[in-house]
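**Q** Going down the list, the protein sequences come from chains A and B.
Using my numbering, the first residue of the first sequence is number 5, and each one after it goes up by one.
Using my numbering, the first residue of the second sequence is number 4, and each one after it goes up by one.
Among the hints, a few may not be true.
To be verified - Partial list, computed: chain B residues near chain A (C-beta under 8 Å):
#1 GLY49
#2 PRO53
#3 PRO54
#4 GLN74
#5 THR127
#6 GLY132
#7 TRP135
#8 PHE139
#9 ILE162
#10 GLY175
#11 PRO178
#12 ILE221
#13 LEU223
As the list claims (entries may be wrong) - Label pairs and their calculated CB-CB ranges:
#14 PRO95/B - ASP61/A: 46 to 54 Å
#15 GLN170/A - PRO10/B: 28 to 36 Å
#16 PRO53/B - THR135/A: 16 to 24 Å
#17 ALA233/B - PRO160/A: 17 to 25 Å
#18 ARG152/A - VAL214/B: 29 to 37 Å
#19 ARG152/A - SER213/B: 40 to 48 Å
#20 ASP11/B - ASP133/A: 18 to 26 Å
#21 ARG146/A - GLY43/B: 15 to 23 Å
#22 ALA174/B - ARG145/A: 45 to 53 Å
It is worth saying that the hints were derived from the structure and are not from the lab.
Backbone N, C-alpha and C fix where the C-beta goes; we use that ideal spot for every residue, glycine too.
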Amino acid sequence: MNVPFRFVPSSVRLDGNPCCSCLLGATCLGIALTVLVGCGPKPLPATVDGTVYRNGDPLDNCLVVFLPESRAGAKAWRFVGLTDAQGHYRLQGEDRREGARLGFYRVTIEDLSVSTGVRRLDHGTVDADITPDAEAPQAVRRSRVPDRYGSVVQTPLRKEVQPGHQVIDLEIK
Amino acid sequence: MWNFDDPDLNFVGDRDSLAARGPDLLCPSEPESANPLDYGSRHVQGVVMPPRHIRVTSYGGNGGTRSYHPQSGFLQTDGVFFTTGPDSLPLPNQQPVRAADITDGLSNTLFFGERSRTDPNYATFAAQGWDWEFRFYGNWCGASPLVLAHVTLSSYAPINYRMPFSYHDRAGAVPPAESAEDFKYYIDLRVCAYGSHHPGGANISMADGSVRFFADTIPLPLLRALSTRAGGEAEGLP
Numbered sequence: 005m006n007v008p009f010r011f012v013p014s015s016v017r018l019d020g021n022p023c024c025s026c027l028l029g030a031t032c033l034g035i036a037l038t039v040l041v042g043c044g045p046k047p048l049p050a051t052v053d054g055t056v057y058r059n060g061d062p063l064d065n066c067l068v069v070f071l072p073e074s075r076a077g078a079k080a081w082r083f084v085g086l087t088d089a090q091g092h093y094r095l096q097g098e099d100r101r102e103g104a105r106l107g108f109y110r111v112t113i114e115d116l117s118v119s120t121g122v123r124r125l126d127h128g129t130v131d132a133d134i135t136p137d138a139e140a141p142q143a144v145r146r147s148r149v150p151d152r153y154g155s156v157v158q159t160p161l162r163k164e165v166q167p168g169h170q171v172i173d174l175e176i177k
Numbered sequence: 004m005w006n007f008d009d010p011d012l013n014f015v016g017d018r019d020s021l022a023a024r025g026p027d028l029l030c031p032s033e034p035e036s037a038n039p040l041d042y043g044s045r046h047v048q049g050v051v052m053p054p055r056h057i058r059v060t061s062y063g064g065n066g067g068t069r070s071y072h073p074q075s076g077f078l079q080t081d082g083v084f085f086t087t088g089p090d091s092l093p094l095p096n097q098q099p100v101r102a103a104d105i106t107d108g109l110s111n112t113l114f115f116g117e118r119s120r121t122d123p124n125y126a127t128f129a130a131q132g133w134d135w136e137f138r139f140y141g142n143w144c145g146a147s148p149l150v151l152a153h154v155t156l157s158s159y160a161p162i163n164y165r166m167p168f169s170y171h172d173r174a175g176a177v178p179p180a181e182s183a184e185d186f187k188y189y190i191d192l193r194v195c196a197y198g199s200h201h202p203g204g205a206n207i208s209m210a211d212g213s214v215r216f217f218a219d220t221i222p223l224p225l226l227r228a229l230s231t232r233a234g235g236e237a238e239g240l241p
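If we strip away everything but chain A, and leave its shape as in the complex, we get (with noise of 0.2 Å):
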């Protein structure tokens, strides 16, 4: 028959008066337990950055998106890295944790550089007195990015996170 374990914290004996050996190993083991649990979320179990290339050339300005495949124990998460001047990009997730989980992913890159030539307004009382008409028109940018690179579905870039730091390099044809 199982007799249920209580717990009685060894700092206080049962008259009611604390030991100081004991409060001082309390007191350790509280501190240590605030280093291991309190200091912020878990960190992710792999780290990934990388170049993004285009014949050879580095693209700036594109975001790359890690997208899990479709298999058990996939879920909604996306990992995203903006590529800085010389095309490096390091992912981080949603919640801007530093990482990526492990598994096989299918990789979309968008280049944020794209311009239709018309401004772009919203409805925020940002873009409210913005009149397009007195404004020069803005150039034409187009994506520096084939577009089946930015389907999540077409894009030929599968890649696999494995655990620790790892370089995946992105080349667009």
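Given chain A's structure and the hints, the job is docking chain B onto it.
**A** Structure of chain B alone, referenced to chain A:
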């Protein structure tokens, strides 16, 4: 009867306008339940607009993999609903989808689904004037290409996506959310999203007329494949 010749007139008359007297299609579990919604007398491009009330709805048509913003450079028309006619975007004279155009299969293609109009973190960006409050999205009708935000949903964002951070906590976001211009990426991400106040997912109907409850953990490649009408992928419902 909808005025197609001058669509702005459908919004004239405040509570008596056609826009305010449209269908009442709000999900009973949506906390933002005012309907018709008061849009007030907004100041837009130097003009004070007349007061408007517009009916809002919890539902939007499948706009494919990315149905907003028409001037983002990323607008797609790979779903079932998008702008049509001579002024359609991104290309003129887009034609409406017929059942025969849904070559991925009617049971494998999303038709229309629900959205959630509450987003506490979004409100902190609206307070800066970077967009209006999220509850104002969801009109049942519109008179400009911006209607795409109200009547379509798309699979760009995961189901039940909401802004993961507030204005004050925006440091380190990728892509950055440092300016009103930056924030437009997040407008598109949030406006698109299917979602609800039902725990763990959202209801979306398929083009064959069935309705399924999708878990918000569904991986995005599958949701995107289901949202395209002719993607060519053999992804079916699990």
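**Q** Determine which of the earlier numbered hints do not hold for this structure and return their numbers in increasing order.
**A** When the structure is compared with the hints, numbers 2, 3, 5, 14, 15, 19, 21 and 22 turn out to be violated.
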